[in-house]
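Novice: Each chain, written out:
Number of protein chains: 2
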Amino acid sequence: MTRTGFDLALEELHNDLLRMGSIVEKQIHQCMEALVKQDEELAQQIIKNDDLVDKLNRDIEDKCIKLTAKEQPLARDLRTIFTTTKLVTDLERMADYAVDIAKITLRLKNEKYIKELIDIPKMAVMVNSMIKSSLDAYVAADVENAYAACKLDDEIDELYKNIFNELLTIASKDLKNVNQITQLLFVCKYLERIADHATNICEWTIYLVTGEQKDLNE
Amino acid sequence: MTRTGFDLALEELHNDLLRMGSIVEKQIHQCMEALVKQDEELAQQIIKNDDLVDKLNRDIEDKCIKLTAKEQPLARDLRTIFTTTKLVTDLERMADYAVDIAKITLRLKNEKYIKELIDIPKMAVMVNSMIKSSLDAYVAADVENAYAACKLDDEIDELYKNIFNELLTIASKDLKNVNQITQLLFVCKYLERIADHATNICEWTIYLVTGEQKDLNE
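Sequences listed follow chains A and L, in order.
The first sequence runs 1002 to 1219 under our numbering.
The second sequence runs 1002 to 1219 under our numbering.
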């Protein structure tokens, strides 16, 4: 493989990552839709689609290992491959949380919600926007945009705390719906964790470019 | 570096992994102790100790990258390095959950517990035993023991479901303690997730030996 061939292989890896990222974003978007509309069929579909994410994860890891064996990359090329294998774990974990939320949807399918779900889907929109920004920053190897994408996590954390406290307050007055409220608390927690994984993507971007490992998840 | 030198480097990586693993087990053990005894100081210590886990994580990743660049390993040697970089993420995530539990301890430090905590620490003991078995299986590259370690996850899941349902039942009768019960539900969930990460270690062991990626987290 010539140097150009290696570049092409890296470009293919980037495309794979973006494809995996957009599937993950779709899973998150749809798990919110399923939750809000109590759409059992869609929730089942999300659970099923996770196989595709897992397969992409394995395929990308496989390509990375083969590329390392074949090309024996150094410095930044090696860091590109290494960070790709790390990124896919973050993306795969995000998709797992979408499945967790779909499973909660199935558990709540016959319950009348205590209130219209507005802030939780809003949080999910912010989370998806953060995933997109962080992946774009990674593929463009853009440290500045990686830091910018990270800042969204603070807003998400703020919203998370508000929703969490609101739900706990409702729970402390409403014995009948403790199960439902607990499940919704977990949904919030999962969205917050997805954002943490997006923060990891920003960290990998910084590492890719600078070789420095930063911890932005404080 | 001669072939023997590479073997020594791999042995060093294994020792690093085991060291990181035993710190993680200690963090999990101590976060249970802090929770049960409502020991604020110990909880703070656990949060502080996480820096050590993060540093070990980065050091091991760094060694893996340098070793790949220097040795240009192939086949199983490459899989050893690759799986090591994956394993440390699982260990680091486990340690993060110990920190999450320590933070819950701080939140509950002034509350009288609704009941003596017995099953949750029992679950933690099982989780730690699973971590130890899965890491030992990995270092010994022992597929059979990896599958055996995985089986513990079923028992942990069973205990998790029992505790979860019991807590929910209590919550539905006890408005005053909804916050506490919710926090304890999260503790259970975190322990269950730690076990999932131990399952990942078993999967990496199978991959290391056979080159096949299995999904045992079903």
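To be clear, the hints were calculated from the coordinates, so they are not data collected in a lab.
If you're wondering where the values come from, they're calculated on a predicted model, not measured in any experiment.
Among the hints, a few may not be true.
The list makes no distinction among identical chains, and a pair is therefore deemed to hold if it is satisfied within one copy or across any two copies.
Simulated crosslink set (DSS-like; lysine-lysine; CA at most 25 Å straight-line) [to be verified]:
1) K1133 - K1087
2) K1162 - K1123
3) K1038 - K1056
4) K1110 - K1133
5) K1104 - K1215
6) K1162 - K1071
7) K1215 - K1067
8) K1116 - K1056
9) K1064 - K1110
10) K1067 - K1133
11) K1056 - K1215
12) K1215 - K1049
13) K1104 - K1152
14) K1056 - K1152
15) K1174 - K1152
Novice: Does each hint hold? Answer for all of them.
Specialist: Hint-by-hint comparison with the structure:
1. In the homo-oligomer, the alpha carbons of K1133 and K1087 lie at most 25 Å apart both inside one protomer (17 Å) and across protomers (24 Å), since each shortest distance falls under that limit.
2. In this assembly of identical chains, K1162 and K1123 lie within 25 Å of each other by CA distance solely inside one copy; the values are 14 Å within and 30 Å between copies.
3. Neither within a single protomer nor between protomers do K1038 and K1056 lie at most 25 Å apart by alpha-carbon distance, with minima of 29 Å and 44 Å respectively.
4. In this homomeric assembly, K1110 and K1133 never come within 25 Å of each other (Cα to Cα): the closest approach is 30 Å inside a single copy and 39 Å across copies.
5. With identical chains, the CA atoms of K1104 and K1215 are at most 25 Å apart between copies only, with a shortest distance of 22 Å across copies and 34 Å within one.
6. For a Cα distance limit of 25 Å, the shortest separation of K1162 from K1071 qualifies neither inside one copy, at 48 Å, nor across copies, at 47 Å.
7. For the identical chains of this complex, K1215 and K1067 are inter-copy neighbours only, at 18 Å across copies versus 28 Å inside a copy, given an alpha-carbon limit of 25 Å.
8. When the C-alpha separation of K1116 and K1056 is checked against a cutoff of 25 Å, the pair qualifies neither within a copy, at 37 Å, nor between copies, at 44 Å.
9. Taking the shortest Cα distances, K1064 and K1110 never come within 25 Å of each other, neither inside one copy (40 Å) nor across copies (49 Å).
10. Taking identical chains as interchangeable, the C-alpha atoms of K1067 and K1133 are never at most 25 Å apart, the minima being 27 Å within one chain and 31 Å between chains.
11. Taking identical chains as interchangeable, the C-alpha atoms of K1056 and K1215 lie at most 25 Å apart only when they sit on different chains, with a minimum of 11 Å there against 29 Å within one chain.
12. Proximity of K1215 and K1049 under a CA criterion of 25 Å is satisfied inter-copy only: 17 Å between copies versus 35 Å inside one chain copy.
13. In the homo-oligomer, the alpha carbons of K1104 and K1152 lie at most 25 Å apart only across protomers (23 Å), although the nearest pairing inside one protomer, at 30 Å, exceeds that limit.
14. In this assembly of identical chains, the alpha carbons of K1056 and K1152 lie at most 25 Å apart only when taken from different copies (24 Å versus 31 Å within one copy).
15. Taking identical chains as interchangeable, the C-alpha atoms of K1174 and K1152 are never at most 25 Å apart, the minima being 35 Å within one chain and 41 Å between chains.
Going down the numbered hints, you'll see the structure goes against 3, 4, 6, 8, 9, 10 and 15, while the others check out.
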